[in-house]
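Peer 1: Build the full structure now, drawing on both the sequences and the hints.
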Amino acid sequence: MPKELRIEAGEVHPKFWEKTVKEAFKNDPLRIIIELIKNSADSYTRLEKDGKAKSPFQIFVRIFCKKKSPPYIEVRDNAGGMNSDKLREALKYGTQTSMGEDVEAITSAEKGIGLKDAMMALEDNWLITIQDGLINERSKHPDFKTGVGKEDEKVGEEEREKLEISDNGTVVMGKLPDYFRERKFETICERLQEHFLMRKLLEYPNYKIYVIDGKSKARKLLEYKSPKVEKQILRKPFKINYNGDDYLMVLTINKSKDELLQGKPYGKSGLLFFYGKYSVVDFSWCRFDRDLSFSKFFGELQMGIQEIIRDPDEILVDEKRRGLDPEHPFNKLLFNKVNGILKEIQEEEETSKYSIDKSIKKEIIKEVNRMYKDVKGKGPPPERQFPIEPETFAFYPVYISMMEYEPKTSFLIVNSSVVSDKLEIFLSSTNPDIIVKKPIIKIDKDTIDDEFIVKPIELYSEKAKSKGEVIATSNQIGNSEKMGVEVLENPIFSPANGFAFIPDKTTVVDGGEKKVQLCIDRNVIGNSKEITFNSQSPINCPMEWILPNTENLGKYIIKNIIKIEIPIRVMSTGHIIGEQGTITALYENKASELNIKVISEPSITGLVRDIRPSGKDTKRISKFIEDEGILEIYYKHPLMKKYIIRKDFRVKPDFLIFVADTITREIIRAFVVQGFKENSSRFPIFNMDRPEPEIDEHTIREYYEQGPIMHEMFIKLAKAFRVGD
Amino acid sequence: MSILKNKKRDEDIIRKVIEFKSEYLPIDKDRLVLFAVDFLESRNIEPTFDKIVATTFKLFPRKFSLIGFSEYPDSNVIRECLHLHCTKSKSWLSGNLRSGYRVTEKGKYFLDETKKILEGKIKVTTTYGSIPKRKEVTFINILKKTDAYKKYIQDKKEEITQSEILEALRVPSNSRELIKSHLKKYLEYANRIEDSSAMDFLEFIKRGLGGWGNA
Chain A
1 MPKELRIEAG
11 EVHPKFWEKT
21 VKEAFKNDPL
31 RIIIELIKNS
41 ADSYTRLEKD
51 GKAKSPFQIF
61 VRIFCKKKSP
71 PYIEVRDNAG
81 GMNSDKLREA
91 LKYGTQTSMG
101 EDVEAITSAE
111 KGIGLKDAMM
121 ALEDNWLITI
131 QDGLINERSK
141 HPDFKTGVGK
151 EDEKVGEEER
161 EKLEISDNGT
171 VVMGKLPDYF
181 RERKFETICE
191 RLQEHFLMRK
201 LLEYPNYKIY
211 VIDGKSKARK
221 LLEYKSPKVE
231 KQILRKPFKI
241 NYNGDDYLMV
251 LTINKSKDEL
261 LQGKPYGKSG
271 LLFFYGKYSV
281 VDFSWCRFDR
291 DLSFSKFFGE
301 LQMGIQEIIR
311 DPDEILVDEK
321 RRGLDPEHPF
331 NKLLFNKVNG
341 ILKEIQEEEE
351 TSKYSIDKSI
361 KKEIIKEVNR
371 MYKDVKGKGP
381 PPERQFPIEP
391 ETFAFYPVYI
401 SMMEYEPKTS
411 FLIVNSSVVS
421 DKLEIFLSST
431 NPDIIVKKPI
441 IKIDKDTIDD
451 EFIVKPIELY
461 SEKAKSKGEV
471 IATSNQIGNS
481 EKMGVEVLEN
491 PIFSPANGFA
501 FIPDKTTVVD
511 GGEKKVQLCI
521 DRNVIGNSKE
531 ITFNSQSPIN
541 CPMEWILPNT
551 ENLGKYIIKN
561 IIKIEIPIRV
571 MSTGHIIGEQ
581 GTITALYENK
591 ASELNIKVIS
601 EPSITGLVRD
611 IRPSGKDTKR
621 ISKFIEDEGI
631 LEIYYKHPLM
641 KKYIIRKDFR
651 VKPDFLIFVA
661 DTITREIIRA
671 FVVQGFKENS
681 SRFPIFNMDR
691 PEPEIDEHTI
701 REYYEQGPIM
711 HEMFIKLAKA
721 FRVGD
Chain Y
1 MSILKNKKRD
11 EDIIRKVIEF
21 KSEYLPIDKD
31 RLVLFAVDFL
41 ESRNIEPTFD
51 KIVATTFKLF
61 PRKFSLIGFS
71 EYPDSNVIRE
81 CLHLHCTKSK
91 SWLSGNLRSG
101 YRVTEKGKYF
111 LDETKKILEG
121 KIKVTTTYGS
131 IPKRKEVTFI
141 NILKKTDAYK
151 KYIQDKKEEI
161 TQSEILEALR
171 VPSNSRELIK
181 SHLKKYLEYA
191 NRIEDSSAMD
201 FLEFIKRGLG
211 GWGNA
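First to last, the sequence lines map onto chains A and Y. With this note's numbering, the residue at position 717 of the first sequence is 717, and numbering never jumps. With this note's numbering, the residue at position 124 of the second sequence is 124, and numbering never jumps.
Keep in mind the hints are simulated off the structure, nothing from the lab. Treat the hints loosely; a few may be bogus.
[Stated by the list, open to error] PhoX-like, lysine-lysine: derived pairs with alpha carbons at most 20 Å apart:
1) Lys482(A) <-> Lys115(Y)
2) Lys123(Y) <-> Lys482(A)
3) Lys408(A) <-> Lys106(Y)
4) Lys455(A) <-> Lys123(Y)
[To be verified] Label-pair distances were calculated between CB atoms; the ranges are:
5) Ile18(Y) <-> Gly377(A): 36 to 42 Å
6) Thr161(Y) <-> Ser417(A): 49 to 55 Å
7) Lys133(Y) <-> Arg690(A): 17 to 23 Å
8) Arg102(Y) <-> Tyr704(A): 51 to 57 Å
9) Leu639(A) <-> Lys16(Y): 50 to 56 Å
10) Ser163(Y) <-> Asp449(A): 47 to 53 Å
[Stated by the list, open to error] Only part of the chain A face toward chain Y is listed, based on derived beta-carbon distances under 10 Å:
11) Lys162
12) Leu163
13) Glu164
14) Pro387
15) Glu391
16) Tyr396
17) Gly484
This one's a predicted model, so the numbers in the text were calculated from it and none came from an experiment. In this text, a Cβ means the ideal position worked out from N, Cα and C, and glycines have one as well.
Peer 2: So this is what it looks like as structure tokens:
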């Protein structure tokens, strides 16, 4: 034990320390040892960064256990050691970091606890450090004063041998406090390697932490055995925007085969919040703590918070050092985001309990698609209705809104009774910025086979905010009609911050590929020619895109906007449908993010590709997701819940008929909408700005025709619903 | 004084408005409200909410009256047409309750089309009902979806079973009192919304049940 030669004054009020740090240690006494281990690890990290140390980085924890009193410990490293100035600084309260500015070195910020706190917790503590042949010794008194032993004295060989420090290094020693209840060496080792604060550090093979029994000299290398991953559920990068800055987070969630213990400090089921390589700040499921539906899950959140964690005004950990302070605005944003993701996972997990008999589902999908093919190819409906029946001719609709640089179709409906021999109708625009693609409509009486003739009129404009009229005149009839036209701004010409994916969300089939649009304002183009892309699994895209030279840039520019088409694809197949990925495009100081959802591969060709139960909170019983070709059945609907939980729904004809009827209407509506998109003559829609009434009409008509067959099919489907494992 | 006179003059003009002569029942309500706003504007009367309600009702009383009270305007329906449809979703009108309303540039095209529809120059194939969605309509619509009603309409009266009649009247048991009271209510509803086919059907049930309905 060193000899105290003088005393320096303390800086912190003991009551504050007791209320905060001591409380934290009392709740989790093992942290005293952990803080000392991490302090040693930080020393190695700093040396490695400076190129002055090579792995393995060994840390030795010697424990002298006694039956009736707490153990005495020594934590030793052979890292850089400290000189007298650095040591003084390291043990002084009021400095944010004792060990410099490395990410891993900010131990006091991790949970607001660091080397000096761990020293304070030890009785009769001493820190002995050797650097460049000089030895320094200091201790912390219970009243926060600092005891000083040797100061910059030359170290002898005998002393080196005693301390087991051959070159540079540090030893911290002292007796653990009374509230440290563990007395057995094996138990302490076990707890140390299970503790959440140690997990990230133990993951790195470079760091070797040995615990030595002071009596038997037995040595144990600490190891953390992570639960076996059955399936990776998610690996998702996202950003938290706080005070105008973006902080990148990467969330990984895995599922294990077995149920895991939840909660701090030894539970395995939870999210490990950490920054840098191994600096852990919390272990929690946020608002799902103690929610048993997460008992098979575990994961981590890598936090890109190096900037904010150094800011003395932003204390992310709570005063009692339990973890991230839920009241801090940054943490609030983070927890909200994480809670949202966890909720989705929980819903998906719940959904996996519900299923539909595969063979019946396949049979029904096949039949529905056959029916759709049949219906859409049937030709015009038996009684063809025109939305309006004019005396002569008239536009339908009489006013249209169109987007700049995007063609739009309107209609002219002509009463065939006014056509004598050959009729010519001339179309002219009052605004030269609005172009009528075919300005003359010619109708030959011999070709007419209906009471009314519908002629499409294609319009185009490159000038947003233009307004005008298209006038139709016919000398033969002596009549003129007009239609109002307005041109709206196309969103591709106003990318956010002058650099953005438009749209910023898209879908891509599993194993498939497509092109997405990146729009860049010409004024944003600087000296750099390189746009870089970061993509997360399972999405793949080019790593970079080189902009053409200025002289060749012209052909890519419309209205001062450069539109680039970026190919993206889903790597291989077999991904979870609905899995999301992100592509981030970076150019100079600009960034844009594109969210991509993986949808099922259309292995079953046709309108409906899958039917699946879903746990979405919605008032509906079912919905057809057009983009994905999936019919979702919502088991959280009160009626579904009521009957399905009782499991006797298969013998409840009223329930089965109701469900079947709802699904029938949904599918028939999907027939109409898709048929209209595929230009099926059976489902003509005239008023494109407000197509709902016409879609409803077609749906009702088809319901009476196709409904009875579909009812039978969907009753079968409803019966094929399965709940539970 | 002159202001007061003016006020009286506007109201007098509106009071003297008579029902539109051509067939307007199949035309959708939004178009008729648009027409009423223009009707006021063209007579230099500021189209404020109250004047629009009164004018719409005077011009198209059979489309905008309260169920069972044909002499009163259904201002709720007119407000929905004015505010939610014509102004918010269709942008045919601009304004609000506080500022009054006016026809927009876009609205003028639909107004012209509406005038042609009212004049019979354009026939609209989609027809719209004139009865607002109230309790009476809801119940009669439910009645019309029952098997008993469908069989009645398809002239398969002899196939209608007693349980189907009970289902149509929403009577869970064979309770004579309940049947009597439900039948009476349904007849009242059908009568109020002047639905002749529903009335015929209910009369048919009444006759079929013999003493039950009259008891």
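Peer 1: Next, verify each hint and record whether it holds.
Peer 2: Hints, one by one, checked against the model:
1. Lys482(A) <-> Lys115(Y): holds (14 Å)
2. Lys123(Y) <-> Lys482(A): holds (17 Å)
3. Lys408(A) <-> Lys106(Y): Given pair lysine 408(A), lysine 106(Y) holds - Cα atoms ~17 Å apart, limit 20 Å.
4. Lys455(A) <-> Lys123(Y): Holds, because 18 Å separates the two Cα atoms, which is no more than 20 Å.
5. Ile18(Y) <-> Gly377(A): 36 to 42 Å: Distance hint for isoleucine 18(Y), glycine 377(A) is violated at roughly 53 Å.
6. Thr161(Y) <-> Ser417(A): 49 to 55 Å: holds (51 Å)
7. Lys133(Y) <-> Arg690(A): 17 to 23 Å: Once the Cβ atoms are compared, 20 Å apart, the range 17 to 23 Å for arginine 690(A) and lysine 133(Y) holds.
8. Arg102(Y) <-> Tyr704(A): 51 to 57 Å: The hinted range 51 to 57 Å is violated for arginine 102(Y) and tyrosine 704(A), with Cβ atoms some 43 Å apart.
9. Leu639(A) <-> Lys16(Y): 50 to 56 Å: holds (55 Å)
10. Ser163(Y) <-> Asp449(A): 47 to 53 Å: Hint holds: Cβ distance 50 Å, inside 47 to 53 Å.
11. Lys162: violated (86 Å)
12. Leu163: Given a least distance of 81 Å, the restraint on leucine 163(A) is violated.
13. Glu164: violated (80 Å)
14. Pro387: holds (6 Å)
15. Glu391: For glutamate 391(A), the interface hint holds, since the closest Cβ of chain Y sits about 5 Å away, which is under 10 Å.
16. Tyr396: Holds. Min distance 9 Å.
17. Gly484: With a minimum Cβ separation of about 4 Å from chain Y (threshold 10 Å), the hint on glycine 484(A) holds.
In terms of the numbered hints stated before, the structure departs from hints 5, 8, 11, 12, 13, listed from lowest to highest.
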